[in-house]
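Note that the protein sequences, when read in sequence, are chains A and B.
Going by the working numbering, the letters in the first sequence line up with residues 99 to 193, in that order.
Going by the working numbering, the letters in the second sequence line up with residues 471 to 846, in that order.
Rather than coming from a laboratory, the hints here were simulated on the basis of the structure.
Heads up, the beta-carbon is just placed ideally off N, CA and C, and yes, glycines get one too.
A couple of the hints might just be wrong.
To be verified - A few chain B positions that, by computed beta-carbon distances, are all more than 12 Å from chain A: (1) ASP520; (2) ASP524; (3) VAL556; (4) HIS644; (5) THR672; (6) THR698; (7) ARG716; (8) ASN728; (9) GLN787; (10) GLU800.
Unchecked claim - Computed beta-carbon distance windows for the label pairs: (11) GLU723(B) / ASN146(A): 51 to 59 Å; (12) ALA168(A) / PRO555(B): 45 to 53 Å; (13) ASP164(A) / GLU580(B): 52 to 60 Å; (14) ARG500(B) / ASN160(A): 55 to 63 Å; (15) LEU113(A) / PRO783(B): 26 to 34 Å; (16) ASP127(A) / ALA776(B): 19 to 27 Å; (17) ASP655(B) / ALA168(A): 51 to 59 Å.
Claimed, not checked - Footprint (simulated), chain B over chain A, 3 or more residues, beta carbon under 8 Å: (18) 112–121; (19) 126–138.
Chain residues, written in single-letter form:
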Amino acid sequence: MNQTDRPIANPIVVLREEFDDWAVLFNPDTADAVGTNPVGVAVWKLMNGKRSIEDIVLEIKNSFEDTPDAAFKEIAAFVNTLAENGFVGLEVESK
Amino acid sequence: MPEELKDKIEPTASRVMRTPRSLDIEITSRCNLRCRYCYFFNNPAMVYRDLPTDEWLTFFDELGSLGVMRVTLAGGEPFIREDLPVLLEGIVRNRMRFSFLSNGALIGDEIAAFIARTGRCEYVQVSVDGSCAEVHDSCRGQGSFDGAICGIRTLQRHRISVAVRVTIHRNNVHDLENIAHFLLDELGLPNFGTNSAGYMGTCRVNADDVLLNTEERKEAMATLLRLTAKYDGRISANAGPLTDGRMWRRMEEARAQNAPAFHNGGRLTGCGCPSNKISVRADGVIVPCNMLAHVELGRINHDSLAEIWQNSPALNQLRNRHTIPLTGFEFCAGCAYIPYCTGNCPGLAYTLTGTVDHPSPDACLRRFLEEGGAIV
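The task is simple: from the sequences and hints, build the whole structure.
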């Protein structure tokens, strides 16, 4: 089996939208929680194991005005941080 | 409002999140003990009946859909429910964590092993009020000390986090040093919390025998402050003599220096709970807090929790309590501590004065000093 570059949200993690579009991602198994802004929320909702990070960035650029050039780098870093903390995995592909 | 106080007091705004982060749930109205200061029993607002399993499971599904993170199961005694494993499965299935408030006596190996396997238990709080059975049982009943310690040891064997709470009253106020030694040195707990018996429920009936008088309160504050230093912060409190001792010392220092108001001073800011959590009584009635059981907001599985949370007039009135200045109360007239005072717990304010929107007389530093108390 190979890992792909298509991130998938850990289904056990709770997305709590709290104030406006700001949210908390909460892993009930570890009690870890991460606060995120509206872009992070949108990224989270797009991580279904079918989209690559490039696909996600493209959709974010279409949804938010004035997306900075560094968006890819920032979103990739955000996804990596979530992955390191068990909030996100990478879709596994059978050979 | 006097000009010198106006300068010191400036209200702050508050916002409410879409849904509560956590809930306090009285999962049962039954208890194996009848403690002499229990807030839960002898409350005229309460209806002492239990809901069937299915009602709670349906409600837990609603909590899951709202993204609630944590529930605290209390009672009554939560471990008295025979269907507890099924209820916990419902909580786990809905991606929540849980904790318990318990007297410890009904915690056996089987349920402890089940709790440990879920991996979702934050802690089990067990009440221990004495360093020995004689002191502990004086308010909780014969055999309750052995039950509590047995429960704690069972939890420890299963590596479940134990949080001990010591409720201070007239019969254990002289035992605090022994209690700290017993819990921290002998039982090896990392820490424990304290509060004191409050004028609620059964305690109202036994107030003269249970509640600390001014001298005892002063002794409790001095002892706890000393023990906290000795045990390097391993003793904590959100209410009771230790909190009062710390807070009143700060207030007196501020008053003596004519310092600016504390950021939450001068208004009824003593309770932030309605912004983060909400409670459910054993009969399924949703209330702002277990200490405000008479403020009925709705009923589980009949009324939308999100709707209540966002739009309940009673809940929003409680949230806006922080805008009410202490200078408007006759009770506070002329008090030099107003800029540093929060009015404390609305639940105690209600049971002592009959009004939620009133400072709690129990937490009044000026009154404490007038009755012979002293800053320690």
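Check on GLU800(B) being off the interface with chain A, judged by Cβ distance over 12 Å: holds, 38 Å
Whether chain B covers the stretch 126–138 of chain A (at least 3 residues having a Cβ closer than 8 Å to its Cβ atoms): holds (count 4)
CB-CB spacing for ALA168(A) and ASP655(B) relative to the 51 to 59 Å hint: holds, 55 Å
ARG716(B) non-interfacial with respect to chain A [C-beta, more than 12 Å]: holds, 28 Å
12 Å Cβ clearance of ASP520(B) from chain A: Given a closest Cβ separation of 26 Å, the condition holds.
Reported absence of ASP524(B) from the contact zone with chain A (all CB gaps over 12 Å): holds, 23 Å
Range hint 52 to 60 Å (beta carbons of ASP164(A) and GLU580(B)) holds or violated: holds, 59 Å
Closest CB of chain A to the CB of THR672(B) still more than 12 Å away: holds, 34 Å
Distance restraint evaluation - ARG500(B), ASN160(A), Cβ atoms, bounds 55 to 63 Å: Roughly 57 Å apart at Cβ, these two residues keep to the hinted range, so it holds.
Beyond 12 Å from every chain A Cβ - status for THR698(B): Fine: 27 Å to the nearest Cβ keeps THR698(B) off the interface.
Verdict on ASN728(B) as a residue remote from chain A, using beta-carbon distances over 12 Å: holds, 37 Å
Range hint 26 to 34 Å (beta carbons of LEU113(A) and PRO783(B)) holds or violated: holds, 29 Å
Every hint from the earlier list agrees with this structure, and none is contradicted.
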